[in-house]
Structure formats: structure tokens, C-alpha cells
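There are 2 protein chains.
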Amino acid sequence: MRFNSKSGKFLEEAIMQFSSLPGIGRKTALRFALHLLRRPENEVENFANAILSLKKDTKFCSVCHNISDSDLCNICADKTRDFSKICIVEGIHDVIALEATSQYNGLYHVLGGVISPMEGISPSDLNIASLFSRLDEGNVQEVIFALPATMEGDTTNYFINRKIENKNIEVTILARGVAIGDELQYTDEITLGQSIINRKPFEK
Amino acid sequence: MRFNSKSGKFLEEAIMQFSSLPGIGRKTALRFALHLLRRPENEVENFANAILSLKKDTKFCSVCHNISDSDLCNICADKTRDFSKICIVEGIHDVIALEATSQYNGLYHVLGGVISPMEGISPSDLNIASLFSRLDEGNVQEVIFALPATMEGDTTNYFINRKIENKNIEVTILARGVAIGDELQYTDEITLGQSIINRKPFEK
Numbered sequence: 001m002r003f004n005s006k007s008g009k010f011l012e013e014a015i016m017q018f019s020s021l022p023g024i025g026r027k028t029a030l031r032f033a034l035h036l037l038r039r040p041e042n043e044v045e046n047f048a049n050a051i052l053s054l055k056k057d058t059k060f061c062s063v064c065h066n067i068s069d070s071d072l073c074n075i076c077a078d079k080t081r082d083f084s085k086i087c088i089v090e091g092i093h094d095v096i097a098l099e100a101t102s103q104y105n106g107l108y109h110v111l112g113g114v115i116s117p118m119e120g121i122s123p124s125d126l127n128i129a130s131l132f133s134r135l136d137e138g139n140v141q142e143v144i145f146a147l148p149a150t151m152e153g154d155t156t157n158y159f160i161n162r163k164i165e166n167k168n169i170e171v172t173i174l175a176r177g178v179a180i181g182d183e184l185q186y187t188d189e190i191t192l193g194q195s196i197i198n199r200k201p202f203e204k
Numbered sequence: 001m002r003f004n005s006k007s008g009k010f011l012e013e014a015i016m017q018f019s020s021l022p023g024i025g026r027k028t029a030l031r032f033a034l035h036l037l038r039r040p041e042n043e044v045e046n047f048a049n050a051i052l053s054l055k056k057d058t059k060f061c062s063v064c065h066n067i068s069d070s071d072l073c074n075i076c077a078d079k080t081r082d083f084s085k086i087c088i089v090e091g092i093h094d095v096i097a098l099e100a101t102s103q104y105n106g107l108y109h110v111l112g113g114v115i116s117p118m119e120g121i122s123p124s125d126l127n128i129a130s131l132f133s134r135l136d137e138g139n140v141q142e143v144i145f146a147l148p149a150t151m152e153g154d155t156t157n158y159f160i161n162r163k164i165e166n167k168n169i170e171v172t173i174l175a176r177g178v179a180i181g182d183e184l185q186y187t188d189e190i191t192l193g194q195s196i197i198n199r200k201p202f203e204k
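Chains R and F supply the protein sequences, listed in that same order.
Residue numbering for the first sequence follows the numbering used here, beginning at 1 and increasing consecutively.
Residue numbering for the second sequence follows the numbering used here, beginning at 1 and increasing consecutively.
There's no promise every hint is true.
Since the list gives no way to pick out one identical chain from another, each pair is judged satisfied if it fits inside one copy or across any two copies.
[Unchecked claim] Taking lysine-lysine pairs in the DSS-like style, the calculated list, with each CA pair at most 30 Å apart, reads:
(1) Lys9 <-> Lys85
(2) Lys56 <-> Lys9
(3) Lys167 <-> Lys56
(4) Lys79 <-> Lys200
(5) Lys167 <-> Lys85
Note that these hints are calculated values from the structure, not bench results.
Modelling step: build the complete structure from the supplied sequences, incorporating the hints.
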């Protein structure tokens with residue numbers, strides 16, 4: 001749909017901005033804009049201010065690079081967490097996903113990406129030096145790899161593991177296998193192959 | 001996913017705002033927020049300002065109630081349009097959809113809704129009085145009903161038609177029938193029934 005000249009420049013600008021969001025086309029962007037037009041002015045102001053604040057006021061934790069309101073994120077500042085475990089993740093969304101499971105009580109380290117020669121991302125582009133500094137402090141007993149199950153994720157795991165294998169730190173990785181609720185016939189061959197190789201004693 | 005306490009109040013506020021948009025849940029809202037976090041500050045400012053402008057600076061046409069940058073919308077101000085035709089639509093999105101077809105050169109009248117006793121929307125809640133004023137000026141020769149093909153749309157058509165049937169104005173309605181690209185077996189019975197009743201001479 002084209003509606004530049006007919007529908008006014010303010011609507012057009014809002015549509016352009018909304019359609020820059022991931023997965024949003026012009027039709028959905030138009031729907032968002034018309035939705036906001038129908039809402040009271042103070043609500044729309046709050047909407048715009050939340051976006052401004054998000055960018056201006058959000059900080060990143062100086063220890064683990066997670067999103068934070070202050071110098072130290074809520075996880076690193078939480079004395080009840082297990083400081084002997086560091087879970088290495090690609091991004092903030094992974095911290096959120098793992099926290100939502102309520103199954104992990106250790107700390108995190110957000111790399112900000114994974115090593116990818118194809119995309120020109122080398123270890124120096126990631127938060128890896130600060131990871132080694134944390135490990136050098138000597139309190140960490142376990143490093144958990146929770147990077148994507150892709151070639152780039154595996155490459156990054158290998159790179160980090162090589163640097164720390166002489167440090168007497170236990171290194172673990174998230175279990176890979178058939179997802180809960182999945183049917184075997186629809187599980188890809190590599191995952192299924194890994195899951196039979198890594199089969200576990202059945203718990204009664 | 002719950003991540004209020006862990007991920008910072010600015011992120012949480014942005015997620016809350018984005019998830020107030022139609023069809024957007026918390027996961028997609030999080031994706032939008034993290035996407036904006038990665039963009040440069042000036043781009044995020046432009047985004048927020050576009051939303052503010054949309055609400056503050058957008059006007060509505062004093063004649064047809066379409067969205068506008070000034071007192072008169074681009075369609076009502078366009079001397080090349082056919083001022084003898086008025087197409088009656090529910091909302092701005094309908095003007096945009098019809099304009100996108102490039103098949104209509106008349107004017108519009110945006111009702112801002114349809115009559116719905118169930119939702120307590122009566123004719124006085126809609127831009128109907130201003131429609132009759134326009135018709136009273138005597139220049140209009142055709143009124144085209146382009147309201148939704150629902151009971152409420154039909155009710156609104158009947159209401160308007162009763163008020164203007166003595167005015168010597170031709171009243172038409174959008175053709176209803178099998179949509180282009182649709183297969184008959186998947187077309188609902190009422191639409192298919194209407195399309196056989198209203199069948200047209202085949203054009204070679």
C-alpha cells in the first residue's frame with residue numbers, strides 16, 4: 001500500500017518508524033499508528049517517553065554486561081545468588097529466557113554476540129576479556145555455556161574453553177536433545193542423533 | 001515470561017508500552033525494546049518524536065474527517081477530484097485502502113464508526129450530521145456506501161439511505177462477492193449465495 005501523499009506527513013513518519021521494527025510491515029505499522037491516534041494524548045506521551053528513557057537511562061552492568069538501572073545489575077547485586085557459577089550467554093534476551101525458567105541461581109556473562117568469521121566478529125568485538133578477568137579472580141567454580149546451538153556458538157565455546165581449560169574450573173553446556181512436547185518424527189536428525197548418544201538413565 | 005524485577009525498570013516500562021499495541025504480546029514487545037536499545041540514540045529520538053508528532057500535530061479534515069496536516073485534507077483540497085461523489089467509510093484506514101486501489105477519484109466521508117446498539121454507538125456519536133450538511137449543499141450526485149459488510153455496517157447504510165432517499169442522489173454500495181484469488185469451496189455460503197444472485201454478464 002502506498003499512502004504517502006494522501007494521508008499526511010505525520011502519519012507517514014510514524015508508519016515509517018514503526019515499520020523499522022523487526023517483523024513489522026507497513027500495514028501493521030499503520031495499525032499501530034491509528035491505534036495511538038485514538039488514545040488520549042497523555043498516554044501517547046508516556047509511550048514516547050518510555051522509548052526515550054529506554055535508550056537514555058538504561059545502563060549495562062559493569063560486571064556481566066546485562067541490562068541494568070545502575071552500575072551493577074539486579075542479578076550481580078543479589079547476595080543470595082551463587083557467585084561460584086557463571087552462565088555465558090549471547091545477549092540480554094538469553095538472560096531473560098533463563099531467568100524465566102527459575103532453574104538457575106548463579107551469575108551470567110553477556111558476550112554481546114558470538115564469534116563469526118563470516119560476519120567479521122572476532123573475540124575482541126565481544127565481552128570476552130572481562131569474562132577472563134572475572135575468572136582470574138578465582139571464585140568461580142563452574143562456567144556454563146548457554147550460547148546458541150549453532151556453528152558460531154560452538155566456535156565461541158571452543159575458543160573460551162581453550163583459554164580456561166587449565167584453570168581448574170568445571171565447564172558445562174546446556175543439554176541438547178528432543179524438546180519437551182516434540183514428536184520424534186519432526187525432530188531434526190542431528191538433534192535426535194545427539195539425544196540417543198547422550199541418553200540418560202530413566203528416572204522412575 | 002516474567003522479568004520485572006530482574007531486567008530493569010526502563011526496559012520493563014518500554015515492554016509494557018509496546019505490548020499495549022494491538023496484537024503485540026510481551027515477547028514481541030521485548031524484541032522491539034532490545035532492537036531499539038541497539039540503535040543509535042538519535043534514531044531512537046526520531047522514533048519517539050514521530051509518535052509525539054503523530055498525536056500532537058495530526059489534524060482531521062473539517063469537511064470529511066480524514067486525517068490531515070491542515071484544516072483541509074489532501075483529498076478535499078485536490079481540485080482534480082470528482083466533487084460529485086462521496087464515498088462513506090468507517091475509518092481512516094478505509095480511505096487509505098480505497099486510495100491504494102487507484103480506482104476512485106471522488107471524495108470521502110469518514111463516519112468514525114458504525115451504528116451499533118450493542119456497543120451503544122448511536123448516529124449522534126458518528127460524523128453523520130456533517131454528512132447531511134454536505135449533501136444539503138446540492139453538489140453531490142452519488143453516495144457510495146463502503147462500510148463494513150457486517151450487520152452494523154448494513155444498519156448504518158439503511159439509516160443514512162432513509163434520510164437521503166428523497167434528495168435525488170444516486171446511492172450505490174460496494175460489490176460483494178467472491179474475492180479475487182478465492183476458491184469457491186472456501187467462500188462462505190452467504191457471500192457465495194449473494195454472488196450467484198448478483199451474477200453479471202460475462203465480459204469477453
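A quick look at each hint next to the structure:
1. For the identical chains of this complex, Lys9 and Lys85 are inter-copy neighbours only, at 26 Å across copies versus 53 Å inside a copy, given an alpha-carbon limit of 30 Å.
2. Taking CA atoms no more than 30 Å apart as the test, Lys56 paired with Lys9 passes in both settings, with 27 Å inside one copy and 13 Å between copies.
3. Taking the closest pair of Cα atoms, Lys167 and Lys56 never come within 30 Å of each other, the shortest separation being 39 Å inside a single copy and 60 Å across copies.
4. Taking CA atoms no more than 30 Å apart as the test, Lys79 paired with Lys200 passes in neither setting, with 34 Å inside one copy and 77 Å between copies.
5. Taking identical chains as interchangeable, the C-alpha atoms of Lys167 and Lys85 lie at most 30 Å apart only when both belong to the same chain, with a minimum of 14 Å there against 81 Å between chains.
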